[in-house]
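J.: Here is what each chain is made of, one letter per residue.
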Amino acid sequence: MAQFRDLAVAGARRLATRLASGLLVLWVSVTLTFLALQVVPGDPVKIIAGPGAVLTPDAVAALRQQFGLDQPAVERYLHYLLGLAHGNLGMSYESQQPVTTLIFGQLGSSVALTLAALSVAWIVALLGILLTAARSPVWGGLGRGFEVITSALPDFWLGLLLITAFSFKLHWFPAIGRGLSGLILPALALGIPLAGFLGQITRQSFEDAMAQPFALSVQARGASDLRLRLRHALRHALLPGIALSNWSVGWLLGASVAIEQIFARRGLGALILEAVQRRDFPIIMGSVVLIALVYVLVNIVTDGLTFLVDRRSQAGEARA
Amino acid sequence: MSGADTLAHVENLTVRFQRPHPRTVLRDISFTLQAGRILAIVGESGSGKSVTGRSLLGLAGAGAVVTAQRLEIVGQPVLGLSQRAWRRLRGKEIGLVLQDAMVSLDPLRPVAAEIGEVLAVHDIGSRGTRPARVIEALTEAGVPRPEERARQRSGELSGGLRQRALVAAAIAARPRILIADEPTTALDPTVQRQILDLLRTMAERGDAVLLITHDMGVVSAVADDVLVLKDGHVIEQGPAQDILRTPRHAYTRSLLAAVPGHRSGPSRIAETSDETPALAVSGLTKHYPRPDGAPVAVVQDISFTLRQGRTLGLVGESGAGKSTVGRMLLGMTEPDAGAVRLLGDPWSGIAEPLRRSRRAAIQMIYQDPLSSFDPRLTVRDILLDALHAAGLRDKPAALRRAGELLAQVGLPERIIPQSPRILSGGQRQRVAIARAIATNPRVLICDEPVSALDVITQAQVLELLDSLQKRLNLSMVFISHDLGVIGQVSDDIMVLRDGQVVEHGAADAIITAPKHPYTRQLFEAALHLPKAA
Amino acid sequence: MSGVAIIEQAAVADAALHQGPARRGPGFAVYASCFILALVVLAAVWPHVLAPTDPYDIDPTSAFLPPSSAHWFGTDQSGRDAFSRVIHGTRPSLLIGLLSIATALAVGGILGLAAVLGGRAVDHAVARVIDVLFAFPGLILALICIAILGASPVTLAIAVGVGSSGGYARIIRAQGLIVSTSGYVAAARMLGHAPRRILFLTILPNIARPLLPLFTLGIGQCIVWATGLSFLGLGVQPPEAEWGALLADSRSYTALAWWLTVFPGAMIAVTSLSLTILGRYLQARFDGRDAA
Amino acid sequence: MMRQVPGPRGRLLTAWLAAATLSLSATAAWAADQPQSGGTITLATFKEPRCLDPTVGGDVPQDIIAHMFTDSLISQTEDGAYHPWLATSWDVTDGGLTYTFHLRTDVKFSDGTPFNAAAVKANFDHWLDPKTGSANIAPQLTNLASVTAVNAATLVVKLKSANAFFLTTLANPSAGMQSPQAMARGNTLNCESPVGSGPFIVQKWIHGSEVIFTRNPNYNSPPPQALHTGPAYADRVVWKVIAEPATRFNALLSGEVGVLNGLPPEDYITAKSSQNIAIIDDFQPGVPWQVDLNTKRAPFNDVRVRRAFRYSLDAPAGLRSIFFGAYQPAGGPLSPNTPFYDAAVEHAYPYDIKAADKLLDAAGWTGRDAQGYRTKNGQRLTVHFPVYASTQPADLALYEQLQATAKKAGFDLQIEKQDDSKVYARQYSWDYDLYIDYWTVNTPGALTFIYDSDGLTSLDGGYHNNEAGISDPHLDALLAAGPATSDPAKQKQIYDEAQQIVSDDALAAPLYVYPSIAAFNTDKVRDVRTDWSVHSVTLYDAWVPKN
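Residue numbers (the numbering used here), protein chains in the order written: chain A, 1 to 320; chain B, 1 to 533; chain C, 1 to 292; chain D, 1 to 547.
So that you can see chain A by itself, here it is in the shape it has in the complex:
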C-alpha cells in the first residue's frame, strides 16, 4: 500500500510540476507573441473596421476604446494577462466576436481530426513495425522504404491526391463530408506522413529491443515470436514515439492548416491561417494560448501513457 501512496504522491508532484511549467510556458509564449506583434506595422483599427471602411475620427476613437487600443502597450499587456487569468482572450478584430468563442467553435473539429490522424499514424506505423521490423532483410527493407517514402510525402499533396482520386473521381468519399466519412481522407493525409516519422523512430527502438539479450531470454523461455513482439519489444518501441507526442500533435496542428483548406474543413488551422492573413492579432494571441494549453495537456497525457508502458521512472521517483 505504501508503494501506491508513494506513487500517487509522485504522480501528484509530477502533475504539479507539469502545470507549473505549463504556466511558465504559457506566460513566456504570450509575452513573446505580444512583444512580437507590437512591432508589426499598421494600425489595428484599419483591420477592425475592415477594408475600405469609411471611418470618421469619432468612429476610430470609438473602436480604439472598444478594443483598448487607446491604452499604452504595457497596460494592454497587463490587461491581457488579467483577462487571460479570467479566461477572457479579447475580441477578434475581424469578426468582433470573443476569441474564446471562435476558438471553442473550431476546437471540436480540430480535436476530432487530430485524434483521427494520430490513430491512423499509430495504427499504420505499428502494423508496419509488427509485420516487417526485425525480420528478413527483404521485409525490413520494405517496411523501412515505406516509412522513408511516407515521411517524405508532402501532406498537402497527399491530401490533394486523395481528394481528387477518392472523392472527385471515384466518389467513395464525400467532398465536404461531415462526421466519420468526411474525417477519413483528411486523417489519412495527415496520418500517413506522420506514420512514416513514428515508424522510423519506433522501428529503431523495436529493433534495438529485439536485439537486446532479454529478447533472447524471452525466446529461451519458449515464448513465441508474436509474444516477444507484442509483450516485450513493442512496449520498448512505444516509448520514444510516446515521448514525441507533443511534437506529433504540434506537427498535426501545423499540417492541418493546409489539410483543412483542401478538405474544406473548419478547424483551428483555418482559423489561424485567416488570422495571419488578416492580421487578426487577438486570434493569433488566442491560438498561442491554446497551443500552450495543448502543450501542457499533451505533456500530462504523455506522462500518463509513459507510466502505463514504463513504470520505472515513477517508481524510482517514488523511492527517492
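Hint data in this document are derived by calculation from the structure and do not stem from the laboratory.
Predicted, not measured: the structure shown is a model, and the values here were computed from it.
We put the CB at the ideal spot given by N, CA and C, even for glycine.
Be a bit skeptical, because a hint or two may be false.
[To be verified] Distance condition first, Cα-Cα at most 20 angstroms in a straight line; then the derived EDC-like pairs of lysine to aspartate or glutamate:
(1) D:Lys422 / A:Glu274
(2) D:Lys407 / C:Asp57
(3) D:Lys408 / C:Asp57
(4) D:Lys408 / C:Asp131
(5) D:Lys408 / C:Asp59
(6) D:Lys131 / A:Asp43
[Claimed, not checked] Short, incomplete list of chain A residues facing chain D, as computed with Cβ under 10 angstroms:
(7) Ile48
(8) Gln66
(9) Asp70
(10) Thr101
(11) Leu102
(12) Ser109
(13) Leu160
(14) Thr164
(15) Ser167
(16) His171
(17) Arg266
(18) Gly267
(19) Val276
(20) Arg279
(21) Leu305
(22) Phe307
Fit chains B, C and D to the given chain A structure using the hints.
T.: This is chains B, C and D only, laid out in the frame that chain A set:
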C-alpha cells in the same frame, strides 16, 4: 556414464552463418551433458562458445545453418524440429541464463512477470498457483524477501539480486538442463561466488549445467568437465581437474596463465624513504548530494603515500568510491576536505590554470579507451595532440616521437593513420597507454584498465604496464574490482568499502593475512586456479 | 545418420552475436538519391539545360494539354509547359529550403550552444525555451513569423527556419552535452590543454559532426514545409514557378488536369525523399562511427 | 457572380435590371413538378462574411445573407421599376427632396418586434452610426437631411439635394430592415444573430463553416416578384463556406451541396454538360472587372503608355483558356447590360503589340534591357500590380497571362501578391500602378464613383474611390449632369461622351464583365432564382424535391 543420466547428446555440431557473409563459426563439436555435472565451455570472444549454447535452444541466430550427426535433448532428437516444437523445449527442458540481468530481463516488467512468463507459456500451473511458483523459484535462486522482489523491476534490484532473479526465471519451469552464458562476468567477486555456488547447487540437485565462460578461474571454481574452444574448434576436452592441472595444449596453458594472480616476491624498487613521494594524500573526503538533497560521503578520510616507481592497488566493489578517488587524484574533482600533493607540491585546492601546466606529470588510463579518443582523430592525431600538450610542437619531431611511443607500447607503426575505432580492444588500450606516456608523466592512474578485455589480452596489457613502469620509473594507482589483477600488479593495496578504507598495507601482507573480515570475505570469494601439477 | 540442416529466420540475438550490424556501404537507394539530387541541383543552377522551353511563355490555345512527347508534364491553364515550370521551379524551392535550414541551424545552433556553454543556469533556462520551441507547432510558428514579417520568399524561408529550429536546437544541445561530458574532452583537459584549444579543436568540431546529415535531412523537410506555406499562398510572386505555388495553382484543376498536381508534388516528394535517404545514410555512417 | 471581392468596390448597389434567367433546358425537365414544403437546402459559397448584419462593413456575402432574413422597404424589377415591399407606396415631393413612405402595419420581425416607422428610423440611424462602420449604405446617404416617423405607418425622409439613386439604395438588400430591438444589442451580438422580417431566421453561425437558417413560419411579406406567398418552402437552409473551388464544385456534383453560389469557371463546362446541374448564367451591370491605371505616377502618367498597355493585353485569349468561355470579355468602361452602355468603345483596344510598340517608342521607352523589357533613361518599364493573397487561382492565372502578353510589348508587369491588409495599405498610399476594380451597379452613375475627382479625396483611413487618380473637370461636369437630368436622350449623350473620355484616356483596362453564375443540383433543389434586385441567389421560392 549411464545413458539415463545423459540429458543432452551433441555429436559433430557445426554452425554456419550466411549473413552478413558466409562463414563457419563452429565445427564438429561433440559433448554430452550429464545430470549432476557442470560442463564448462571456455574460450575467448568469437570462439563460438555462445553459439554452442544457443544451438541447444534452437536459437543460434538469424541465417544460421546448424548441422550435427546427433543432437538430442532429454532423449529427443531436435534437428529439424519445427519452431513450435522447439518452443515446447525452451524454458521447460532447457533454461538459459545470460550475462547481465540488467539487459537480460525485460526492464519494463516486474520480475514476477518475467519469471511467470515461462510458466504461462508452458501452461504450468494455473493463474492462481503461478505466483506461488514464482516465489518458490526466487527462493530457490537464493533471493531474500522474494515477495517484495517479485514486484520490482530489474532496474530496481542490485546486481546480485538481479542475476539471481534471472536464474530464477531460467529454473522456474524446472528444466533439467541449464545453460549459463557468462553468468558472472562483470559481477563483483562476492556476488560472482554466490552465483557460481547457486549453479553448483543446481547440478548437485541432479540437473545438467552448461557453463560458458572465458575465465579459467570460474572453470576451476565449479566445472566438472571442460571443453576449450578456439575459432570454432575444440582445442581440448576432458575432466576439469585434468585440464586445469595438466593442460596438454599451449592455448589452454595460455588461458590458464592469463588468469591474474598474486605476484609473490619482494617489491621491485629499493626503498629510499627520503625521496619525494609521487602522490601524498591526506584526509581526502568527497560528498555528493542525494536526490533529496542530503549529502552522502562517497569518499571519506582517505590518506596514503605513493612512493615513486611503486603501485598502489585500490580495490573494492562497485560503489566503494574508487573512481571518485581516482578523479580527485587527477585533479578533475576537488575534494571537500583533505589534500593531494603531487611530487611534493600542492595539487588539490589550487587554481586550474596553475594545475594545467603540471597536468603532464599525471595521466590516466581508462576502462573504455575508445570513449577517451576524439572520434574525429586518427592514432596519429591523438598522439600529436598529446605531444602538443607536452610541449612538443615541432611536427617532424613529434611524428618521430609518436613512432617511438607506438613501438614502446608494442604497436606496429602502420596503424598510425588509422582510426582507433577499427582497432581491437587491446590495441586501443595500447594507444591509450601510448598517449598517457607521451607527456612523460610521473604518475599513472589506471581505472579498471583491463576489465573490458579478454583474458589473454588482459594479461598482455598488464605485462606492458609492468614493463613500462620499470622502464620509465612510473608510479601507479591501479583501480580495480578484480582482486586477481590487484594482487598481481600492486606493491601496496588499499581496500575500500562505502568510501572508507577497510584495510591498507603491503600487498603481500594483505593477501596472505588479511586482517579485516571484509577483506577476508573478498579474498575468499575470489577465484583461484589450482596449483599446476 | 545424416546431418539435418536448420535454417533459422529469427533475427533475435543477431546483434548480440555479431556486435552490431556490419557497416553497410551505400546501397542502390543512396546512389539513386545522389543521382536525383544531382539532377535537382542541375535544374536549379542551369534549368535551361534540362528544360529549354520558356516556363513563362504562354499559349492560351494549347492550355490543359495532357502529358505528351512535346510537353512531358503537359501544359497548364495558360498553355505553359508544365515540365519547364517544374524544372524552373527548382531554384526558388531549393533556395528557400537552403535558407530555411541555414536559419534553423543558426537559431538552433545559437540556442543549443548557449545551453551547452552557458553554464547550468543558462542551460536550465534555454533548455526550457528549446523544449517549448520544439513542441510548438513549427508550421504555426512559421505562420506567426509571417504575420509579423509579412509574406515573401525570404520571410517564408526565415519563418520555416525559425519554426523548425526547435528540433535542431535540441539535437545540438544534446550533442553538446554528450561532447562536453565525454571522455575525450576530459582526456584533453587531463593532458593540460588550454580551455580555448579544447573548445575550438575538440568541443565545437565534435558538436558540428552530426550537422551534415542533419543539414541534408533538414533541407528536405524545409522544402516540404516551405512549399506547404507557399501552397497556402504565402510564398513567391506569380508567375514564378515555385513548386508549392505550382501546386496551389493546380488546386482548381485537379479533376481536370491531374498532371498539374501530380508532377510538382512528385518533384517535392522525390527531392525530399532523396535528401532523406542521403541524410539517413550519412547519419548511419556518423552513428556507426560513434558507436563502434 | 460572387467572385472574390477585391476591395471596397465589391458592393452591390441597386439594379434596374433583374436577372433570374434560368437555364431553359434544365427548367423544362422538372417544370411539371409542384413545389412542396420541407427539407434542407445547402448552399455553398466561397467566402464567409465578417458579420451577418449586412451593414457592418458591407461585403458581397452579406447581401445574400440579408436576402435570407430581411425584407427591404421597396423592390425593383428588371425593367428598373420600383415596386412596393415593406413600403406599400411612397410620394416624392419637394423637387425630389422629400420622400414620404407608407408602410405595412401587419409585419413583425421574427423576434416579435413590430415593423413600423420607428423601426425604419432606427435602421437609418443604425446605418449612419459610425460604430456600425457601414461601407455600403452610409456613403450613399451623405445627403440625408432628416428621417421622421410621422406615425406608425408613415415615414418622411428629407434630402439635402436631389438624388436619382435614393430609391435604388433602399432597394439594396443591404438596406434590409432589421429589428430595432436586435440592433440595440450592439454589433457583437447583432453580427452573430441579426433579426429581420425575412423568409428565414438566422439560427446559428458556426464560424468558419456555416450559417444555419430556419424557416420563418410567420412570413407574410414577400415582394411582388416572388412566385408564391406565405412562408418559404424549405425548413432549413445551411449556408456553407467552401473556399476551395474544386471541393465546392464536387460537393455540388455529389449533391452534398444543392446550390453553388459562384461556380468556379474551370468547372463551367462540366456543369453545363451535367444533366442534374442547372446554371443561372448571367453577368452583372455596372463597371466590369478591370484594372485601374494609376495616372498619378510614371509610367502611367503618360497617356501613350496607358494606351500601349491596353493594346498589349489579350484578355479574351486568357478568358478562353482559363475561364473556358464562362466569362465574357469586356472592353468598355461599362458592362453591355448597363443603361447607356456605349458599344462604340467596346473594341477600342484590340490586342495589338505593334500599336503598343509604336506608342511606347513615341513615349520614349525605346531602350531594351537584357530581359527584353523596355527602358527609358535606364529605368525599366515596370508596372506594379498588388493583388490580394486571397485572389482566386483563375484570376491569378489570367493576370499571369496578361503579364506574359504585356511583356511582349516590353512591360515588366510585376504581380505582387500580398496580405490583404498590405494591399489596402498600398491603395491608401497610391503605391500601385494597377489596381483591381469593379462596381456591380445598374446605372451608368457607376462611372461617377470611379472617375469623379471627388473620389480622389481619401475617405478617412486613406481609401479613395478614384483609383486612376484622374481629375478632369470636363468629365466631372458630365458625371454630375447625368443624374441631374431625366431626359434619356440627353443622358445618353452625356454618358456616351463620358465613356469615350474614359476609353480614350485609357484610365482602366477592362478584363471581363462581372459574371453572375450560380448553379444548383436539380436532384436536391428546385426553383432557385436570382434576386429581383441585384442578381444574388434567393431561396424564398426554392423547394426540395422528394425522391
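J.: Name the hints, by number, that the structure is in violation of.
T.: Result: hints 4, 9, 21, 22 break, sorted rising.
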